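Let the hints inform the model, and build the full structure from the sequences given.
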Amino acid sequence: AQSVTQLDSQVPVFEEAPVELRCNYSSSVSVYLFWYVQYPNQGLQLLLKYLSGSTLVKGINGFEAEFNKSQTSFHLRKPSVHISDTAEYFCALKGQAGTALIFGKGTTLSVSS
Amino acid sequence: ETGVTQTPRHLVMGMTNKKSLKCEQHLGHNAMYWYKQSAKKPLELMFVYSLEERVENNSVPSRFSPECPNSSHLFLHLHTLQPEDSALYLCASSQAPAGTETGELFFGEGSRLTVL
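Protein chains in written order, with our numbering: chain A, 1 to 113; chain B, 1 to 116.
Bear in mind the hints are in silico, worked out from the structure with no lab data behind them.
Please note that the accuracy of each hint is not assured.
Here are the simulated lysine to aspartate or glutamate pairs, DMTMM-like style, with alpha carbons at most 25 Å apart [to be verified]:
no., chain 1, residue 1, chain 2, residue 2
1, B, K40, A, E88
2, B, K19, B, E67
3, A, K105, B, E84
4, B, K41, A, E16
Keep in mind that this is a model prediction, so the values were computed, not measured.
And the structure:
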């Protein structure tokens, strides 16, 4: 079975501070990994994805994530957040064998001034 | 219009009503999906259509009935719903047929359903 665990349900930070949103996964097969963002009253939007190759993946809006196979993690980071980064962030995985996209429960990032 | 459009954005219905949610994608994609989003729960995949054929149905109660008349449109017909069905219903599409795609889905803004 495959699963995604987002270790923090809420992460409050101040503007211009760095942030890390943690994601661990479990799978018996090779996976593709994703981070999606959902702004208030909107659908989900792809932030970044890891398919293969370099373990450090850069996405939109200055976010990046690092795939760590030994620790089965795919943590999302940003060196300096903005108020506009306030949103719900979802980690997701998909087995390379063609299974459905599996989402974590989400992490609410709240950025205040 | 671009992207994935869902209507209505908000819907309130009684337990005996029949209503439908509509999704339209303007991206030329080959697969469409219905997800249910409830507070603090993972997104639940409900139905998948690939090349207009249903390829996945994740043990969804029969009070939810999908329809995909063509590659651009997807409906979710609702009848005799329960209050616990209140949620945000998200439609998504992917360019590659389901099962071959690399997981990049394009989502609509969702239909917020409240069942009284």
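We went through each hint and held it up to the structure:
1. K40(B) <-> E88(A): holds, 10 Å
2. K19(B) <-> E67(B): holds, 13 Å
3. K105(A) <-> E84(B): holds, 18 Å
4. K41(B) <-> E16(A): Violated, because 29 Å separates the two Cα atoms, which is more than 25 Å.
Of the hints listed earlier, the one the structure fails to meet is number 4.
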